[in-house]
Amino acid sequence: AQTVTQSQPEMSVQEAETVTLSCTYDTSESDYYLFWYKQPPSRQMILVIRQEAYKQQNATENRFSVNFQKAAKSFSLKISDSQLGDAAMYFCAHPKYIFGTGTRLKVLA
Amino acid sequence: GAVVSQHPSWVICKSGTSVKIECRSLDFQATTMFWYRQFPKQSLMLMATSNEGSKATYEQGVEKDKFLINHASLTLSTLTVTSAHPEDSSFYICSARLAGRNREQFFGPGTRLTVL
Chain A
1 AQTVTQSQPE
11 MSVQEAETVT
21 LSCTYDTSES
31 DYYLFWYKQP
41 PSRQMILVIR
51 QEAYKQQNAT
61 ENRFSVNFQK
71 AAKSFSLKIS
81 DSQLGDAAMY
91 FCAHPKYIFG
101 TGTRLKVLA
Chain B
1 GAVVSQHPSW
11 VICKSGTSVK
21 IECRSLDFQA
31 TTMFWYRQFP
41 KQSLMLMATS
51 NEGSKATYEQ
61 GVEKDKFLIN
71 HASLTLSTLT
81 VTSAHPEDSS
91 FYICSARLAG
101 RNREQFFGPG
111 TRLTVL
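Chains as they are written, first to last, in our numbering: chain A, 1 to 109; chain B, 1 to 116.
Heads up, some of the hints might be wrong.
Pairs of lysine-lysine residues, derived as DSSO-like cross-links and limited to a Cα-Cα distance of at most 30 Å, are as follows [claimed, not checked]: (1) A:LYS78 x B:LYS41; (2) B:LYS66 x A:LYS96; (3) A:LYS73 x A:LYS55; (4) A:LYS96 x B:LYS64; (5) B:LYS41 x A:LYS73; (6) A:LYS96 x B:LYS20; (7) B:LYS20 x A:LYS106; (8) A:LYS78 x A:LYS96; (9) A:LYS70 x A:LYS55; (10) A:LYS96 x B:LYS55; (11) B:LYS20 x B:LYS55; (12) A:LYS96 x B:LYS14.
Hints are computed from structural coordinates only; laboratory data are not their basis.
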């Protein structure tokens, strides 16, 4: 079965600190992409970062980076120097367009 | 670039009526569009995938006669909720994908449907 699991329903981080959101997935494909999306209170889905499975190097976008462990089927998101604007729901997305249950990130001033 | 719009953003209707939601890719041609449903404080549930000019592929458990999807052009897909009932009240989100292998989706802002 194609699944995506986010085991942290809610996380809190102090402003300027670093936080890691976890995601595990299952797929039978060998070549695929994984995504992290952010959904702020406006509910507009915003792409945070994308990882290509055939690339061993972890993707990085400014303060956002991933730890992609293909064999373990793990795809965690690290947010460095957290900002108040990072507060949102974060969803990990599977190559078959299946989304995880989400992690609500709170950023404390 | 890669903007997706949805119309309406919010609709209230009476039970038994049908509601059409439009999803448009404004500055690109979308070979594939997706429709999701999101309940409050929950994740996005993929309802169906539509490809231009062909029938939509529905996910298991989604009633295709209830949720009619039409993808008549490369920039427009519509979702019609037929004979809507209060349990159909939800937030509906569409997304569009460019041709190519990176599979990034561009999301619309969503439509809140309330059925009285």
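Status of each hint after checking the structure:
| no. | hint | in the structure |
| --- | --- | --- |
| 1 | A:LYS78 x B:LYS41 | 22 Å, holds |
| 2 | B:LYS66 x A:LYS96 | 23 Å, holds |
| 3 | A:LYS73 x A:LYS55 | 14 Å, holds |
| 4 | A:LYS96 x B:LYS64 | 20 Å, holds |
| 5 | B:LYS41 x A:LYS73 | 26 Å, holds |
| 6 | A:LYS96 x B:LYS20 | 26 Å, holds |
| 7 | B:LYS20 x A:LYS106 | 35 Å, violated |
| 8 | A:LYS78 x A:LYS96 | 23 Å, holds |
| 9 | A:LYS70 x A:LYS55 | 10 Å, holds |
| 10 | A:LYS96 x B:LYS55 | 18 Å, holds |
| 11 | B:LYS20 x B:LYS55 | 17 Å, holds |
| 12 | A:LYS96 x B:LYS14 | 35 Å, violated |
The earlier numbered hints that this structure contradicts are 7 and 12.
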